[in-house]
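J.: Sequence:
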Amino acid sequence: MGRVFFNTRENVHALTAAYTVLESDSGKVFTVDSAGGAYEITMPTTVANLEGFNCKFITKEHTPTGDVTIAFGSGIVDGYSEDVTADLGVGTNGTAVQGLKIEAAGAKGDTINVMCDGATWYFEAFSQIHNGITTVAA
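Residue 138 is where the sequence shown ends in the working numbering, and the numbering goes up by one at each step.
For lysine to aspartate or glutamate, the following EDC-like pairs were computed, each having C-alpha atoms within a straight-line distance of at most 16 Å:
#, residue 1, residue 2
1, K108, E61
2, K60, D33
3, K108, D67
Just so you know, the hints here were simulated from the structure itself, not pulled from any lab data.
Throw the hints in and build the complete structure from the sequences for me.
T.: And the structure:
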């Protein structure tokens, strides 16, 4: 007997302005469009109950007009960003940061995966442009 899967579509949420991510947003794919200018996405600040939380951010438009900052508030994020040339664009290398920035120079399809283990936020990011995704210092 085969396995049956229901509701296997990704839960997509389009962002064009400031947004506060909710605990219930775990598993969502956020498309990021900054055609209207720069804005901030605020992640949950209390991580104690967020073990397993994950989401993805994908740049939707080809030429963003403003930077989009993903702010972790008092939370700390560790991870790396790799660009199309397989060059490590940015990495925390043990130095925690408080945010990520999708630069206006970024490209359509640039992606950030975010995950929480209940104590720390982690990310991996992929950009078609060198430093299309950067970190925001703590």
